[in-house]
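So the chains spell out like this:
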Amino acid sequence: MTDIIPLANSAAPASQPCKLHPQSMCPAFGSLRILTRIEGSHPVMATDTGCLYGLTFVTHFYGASKSIVAPQLGTAELMSGQVVEGTRAAIDVAAKEPGVRLIPVVSLCVAETAGMPEELLPRKIGDAEVVLVRVPAYAIHSHPEAKDIAVAALLNRLADREGAVREKSVVLLGEVFPADPLLIDSVLRRMGVTETIFLPGRSLDDFRRAGRAGALAPLHPFYKESMNVARTWGMPVVGGAPVGISGTYAWLKSLGSILGLDPALVQQVADEERAKATALVADRPLNGKVMVTGYEGTELAYARMLVEAGADVPYVSTSIGQDPLVLPDELWLKAHGTKEVIYRKALEEDIAAIDRYHPDLVFGTTPLASAAKERGIPAMYFTNQLASRPFFLTGGMAATIEFVAGVLTKGDRYRWMQAFFAE
Amino acid sequence: MPPVVIRDLSDTSGYWAAIWTMCPMPDVHVICDAPVGCFNLVGTAVPDYTDAIPHIENLTPATMTEQEVGGKGTADKVKWTYDNLAATGVLADKQVIVVSTAESEMIGSDHSSLVRQLGVGTRFYYSNSLAEDEWAGRDRVLRWLWSEYGAPHAGAIVTVPTAVNIIGPTYGCFNAPSELAEITRMIEGAGGTINMVYPYATTLSETPRLAAGAVNVVLYKEFGTGLANELGKPMLFAPFGMQDSVAFVRQLGQLLGTSDQAEAFIRTEKRTTLQAVWDLWRGPQGDWFGTLDIGIVAGLSHAEGLAHYLGDELGMKVAFASARPRRLGDYDNEGIRQHIHKRAPSFIFGTMNERIYLRESGAKYTNFIPAGFPGPGVRRAVGTPYMGYRGCVYLVQEIMNRLYDGLLNFLPVDGAYANQRNATPPAPAGDSNLGNLSWSSDARAMLDKELEKLPYLPRISASRQLQMTIEGIARQRNATEVTSELVELGLAQYRQS
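Chains F and L, in that order, give the protein sequences. Heads up: the first sequence at position 16 corresponds to 16 in this note's numbering, and the numbers run straight through without jumps. Heads up: the second sequence at position 273 corresponds to 273 in this note's numbering, and the numbers run straight through without jumps.
Since the hints were made in silico from the structure, they are not lab data. It cannot be assumed that every hint is accurate.
Claimed, not checked - Quick list of the computed label-pair ranges, beta carbon to beta carbon:
{"hint": "1", "chain 1": "F", "residue 1": "P98", "chain 2": "L", "residue 2": "E148", "range": "44 to 54 Å"}
{"hint": "2", "chain 1": "F", "residue 1": "N156", "chain 2": "L", "residue 2": "A92", "range": "29 to 39 Å"}
{"hint": "3", "chain 1": "F", "residue 1": "C18", "chain 2": "L", "residue 2": "G108", "range": "47 to 57 Å"}
{"hint": "4", "chain 1": "F", "residue 1": "T232", "chain 2": "L", "residue 2": "V413", "range": "43 to 53 Å"}
{"hint": "5", "chain 1": "F", "residue 1": "K19", "chain 2": "L", "residue 2": "I53", "range": "19 to 29 Å"}
Backbone N, C-alpha and C fix where the C-beta goes; we use that ideal spot for every residue, glycine too.
Chain L extracted, bound-state conformation (with noise of 0.2 Å):
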């Protein structure tokens, strides 16, 4: 088989699902069997941004040195690294988890003895992080975790009617918190109560109440239908957009026999949380949407969840949309790539790539609308949900602010200012009218074709600032027609504006 070339990956390792699975509950400590980078990038670097925390605290490095990869091996670090952190007394009623790296992993460290001759409890997590991604690493993670943690000691509980487990987050789950809000909001509303967040809001001593839940929500689809399954119990997915919104409190309603007030709740939905979405379809905004075009990067549920209602039901058009993990037939990086340098949409949902591949193809006219990770963001404010009721109306919210946005960049500002800033002498009165020029046909269309690749939207104002700046250098060069060469340096000189 040729060699597989990977663009700016976009999902990671078992390693960081291990990490950022376990670690949100409080009363675990992970060592992990790790070089300094694969602690830093996982406990630290990366988490500022995917998160909002100054660094996961309980997690600590065995750190991996010359001597360990060059024959030692990690067991004497990682029982040092062990007993000194016990003696400094973070340990107390922790429950620590020795975790493989890919470099642990790839120089054969296996803990599974050692951790019994550290203290009671201690176990080993082999990540499987060479072979394993963090779709895949996080969904085997928590099933781990309810077989060592939950399932030993849950057979003496009792199943609660109206008790609803929430499946996820972990740390770096894309908008974690609004969508968790909206999730938990919408169970109560269906006349739920919420038994356990899991992991994100929860102790690990208290996996085995996971047996307590009637009806187990997977947040992700991405990931935790494993857990679910094992559970035994019924599973629904978090909804995205109005239809699959009011499916989920309806079926829920009737899993937890509170139908009537589950009806109650859609009814009451409908008049209110999502009036909004109804008063914005009758206005003038709802006349753009149909004109829209967006690109879709995200993880399976916001990929499915954003194109089912953004595209089957406001009727956008969908130009593509990717899901991690790639559904088969979805783009890689490169695909993706490739399509927004030919021609971006006018809304990219997507991570920090796409933002790389818009810049490159200077398209600055796509909205971009962060959707997943990798990424920068703050999204600790509970009130933007992409999911649930409330998702639809944020979304909406957030496409008509952007194209607002955008026309108030485009309306015509006097050119005076901008000379008096630059100090660029005004053109010659009498010879600044646009179309005193006249335009070779490979020069028309050249612009045309450049035109054509913006969205609907930005393309009236911007086909008249590029005509303004092709012509402006065909007056300084004195030409008598403008000609595709002119064009060329008005295209490039517009693109670094």
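One chain only, chain F, in its complex shape (with noise of 0.2 Å):
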């Protein structure tokens, strides 16, 4: 008998299996979360009734409680090019809303494929800014990337671009936990900022403020024609995030820069979080090997944050595509024993890294959660469990590793629970 010589070197699979399953939202959803949020502002929907129905549906349950109107499009209107003509009517009754100031109109997959002309659509209803978000899913490929689109849209319609600009304020671009721009401020403010503004959140004076900053720092990588709409602004770009410890000094010491803050204070500031950081993971360092898989956008991130508190994380994948924006964190990762970093993965892909790794602990989409408990794993959703938890600056650190610290401690019941069900 012959041995079968190895074609592929065994710390790289052989082959990446075949991208079936892809692990997304509805692209869409990612900016009716945003958009459905924001006070004052009554959404129009431009789509078929399914899509419609699934839409609205998570909207309601993740975005707000908040009524949806939309033009009925069956094969009847969208053959007969009534799409505008249905949109209109939609945004007539939008505007009847009670203290209504915005009316997005979110063009999806139908509309977009039959024609959806932005100048037959009003710019303005009474008091109201109708602004149009294009969203087809065809398109779009991962829900975090039409949150981008959303707050470009927005950025461009209403920043407030007249007058001085507000030289130590800053931008800070990303859906985070409501206790993290506290966090972030008060930091902030000790470096010499004069003002923050979070986006996107509850404000739509938000948005408008924002013209006006100093800066602009995305905190999620996925923001590029947010980033696009700053640059034609001229307002510089901050990059990286306030993640971890080497990330946080990094990106402390590149906005006080920007800003043109006192390099002293900056320095100060950016010793003292380093330190607060270094001395968190030395007193509960992580032990154990993570597998980060959600759809969030943010896997990078989080993962980078897992290894430098202690955590062994061979794979990470996400649902958003290859792009400078991320690449610096997967350098980072792939420098600190990180063997994969898949983008705009799979299912299959993450299920074959579960048996190829063996984890302690799974965070991924709820397909792959599932199936990392059937093989009596710890798993959880990432969206919910570590999307929705304290994450930036030390603070936020301390959260986040606690949580994983705890949950590395479960598998015991994990497997019995495995053990029992496959009696």
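Assembly of the complex is requested from the two constituent chains, each provided in isolation within its own frame, with the hints serving as guidance.
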């Protein structure tokens, strides 16, 4: 009998499985989540009924308790070119809501295919701005990227560019846990920042104020279009994010230098934060092999923090595409033991990785987490459990690490449950 | 015709109907001709909340991107998906069905020829998603499954005299496990045996065996009669309420030739299961029934059934009942929303949409009880039926416990504890009694109008709380009389509390 000669290095998988089951929420959901949460915003959705049902379902669960109107777009309307007419009628209905200030028109697959000419929509109705947000799922691919498209559309329309730039103010871009802005604001003010604006939030005025800020700092790596908007204004962009030990240190220094803050003060605050974070990790290091595989577009940053805290993270995957914005995190991870970073991932790749790396803990999409639990491995839905906690600076790091450390001790329960149902 | 504007759509499309009807059968694998969103929403995001399952495992998208939409068409992608799925081995012993979506229909994809090049038996189902809703859709899928996989192989199958089919549920049917358990129990109580539960608890390959059923019980009026008609056997709808439950068992006994057993079951149920309704009726609880008004938004069966049982049999006032699909004259969501904003009933049996309208109107005294989709809920326990005998008991039990819950929230608690928590200074001694301030007639009328909107039960306590709030504001401002402006401030504060 002849030994089979392996064709590939065993560290890298011989062949990646086919991407059969892509993992993302419906991309358009990302924009709806942001747009329904803004006070005074009453969205109109232009789409077919199946899409409308599914997206309003998840938006009413994960976004806001906000009524949503839509033109009826069936065969008759789509084929006879009544998309715009119907959309205008829906805009008129939305315009009657109390306190309406914004009517985002969320244009989805079938409406985009049929054609939704922006020039035929009103720009304003009464006091409300009408803003077209084009998010066909076939072209956007992931819901984090649809958040970016919504934010960029609002900045383009609403940002107030009149008057002097408020030099020591900064726009922080990305949906974060409610405690994070307080933490970040207090640290930045100690460095001399005079004003922080967190987007996207509940306030439409924050989008207006953003136009005169001194810099834009995306906290998540998928706000490409929004960054382009800032660049056309000549507004500097701060790279990286205040995550973990090294990431936070570098980010504070970079932000300080871009805003022209007192270097000594910035150095002092950056040193303090680094000392605090280092002490935290020294005090409570993580121990275990963790897979970080959500679809929120923030997975690489989480992985980086967990590695700094002592965890072994061999495999990271995300729904967003490869991009220069994520490259620094990818390089950092690869230099610190991560073997694979997968973009636009599919369920097959993540499941194969579970069987390849035998992790102690898996954060992933619901189908992946259930596959891990079927193997008796502790697993959780990244979106609900990890992406919904404080994350930034030392305070966020403490909360996230403590949570992960807690789950890592629960292996017995997962094994017991698996064994019980395997009988 | 002027364009139709939809508010918070409550019925999904023929595509969802196809996936939710085909995929409960484990020997089916569906390839959906879909962008990633149509795969995610129907296969993972929503069934997490409607059916409490991690995801639908036998569903794969032929993920459509700009290329396919922009002129290339989806045939290559469907073939690629089929071939690669087959290579993983998951299609062994499966019947593969390619299903269209709104977007694939939009770009004119028709794979009825393509499927012949794929594995033997692969079929294409045009879901007509741009025109058909989920009810017509489910009805048509069931007929299609019978004509493709059942009827051609059913010739030799003999009808079994006491065998009963249950048609429905599919995925995405409200309260399905409990309704199914109760109807199964009643069929067996009447002397029947369950032949098939289609498609929820069977396989596609067993489809021809539908012909063995002597009677078809259609679980939901909103879909399934098409299949029952084609099967050509007597048909019954699953019952709600006491009288219809009796009639259902009696008719079933007559149809199956098991009348003695059915009549015995009817007598026993009245003395056992339904005894709880009789006890509550005779007790103080029954006195409340006639004071309650209810709004109902649900699938056709649940809407009619709840209105009949709670309204006609127990005497509650049905403020509105809107079925899905809507009957002539039923409120659409716009009408429901306006009704709730104007005057919310004391109970709403409804969906997530009604919860939104209740929150918009600040109607915190209305009890919300889920009765349909959309809306997240775990309903996997089989002890919470709305249908049948046990449904009668479960519904009054649920209503009474909500009333108790409301009462417990209204009983006064000593104000000192609230003051301690909020660290607000107590009102000056001697000036804290209600009624020390005079009210202008405008102010009094405004308060009365507000109270009038509340359900009867909480009105008394709310009246006291509101007066205290308003007079508290008046005292802070050293007002000698309560004016309508002060009432307005008080109402705003009260709604936020």
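Hints, one by one, checked against the model:
1. P98(F) - E148(L): 44 to 54 Å: 52 Å, holds
2. N156(F) - A92(L): 29 to 39 Å: Violated: the Cβ-Cβ distance is about 52 Å, outside 29 to 39 Å.
3. C18(F) - G108(L): 47 to 57 Å: With a Cβ separation near 27 Å, C18(F) and G108(L) fall outside 47 to 57 Å, so the hint is violated.
4. T232(F) - V413(L): 43 to 53 Å: 59 Å, violated
5. K19(F) - I53(L): 19 to 29 Å: With Cβ atoms ~23 Å apart, the hint holds.
Of the numbered hints listed earlier, those contradicted by the structure are 2, 3 and 4.
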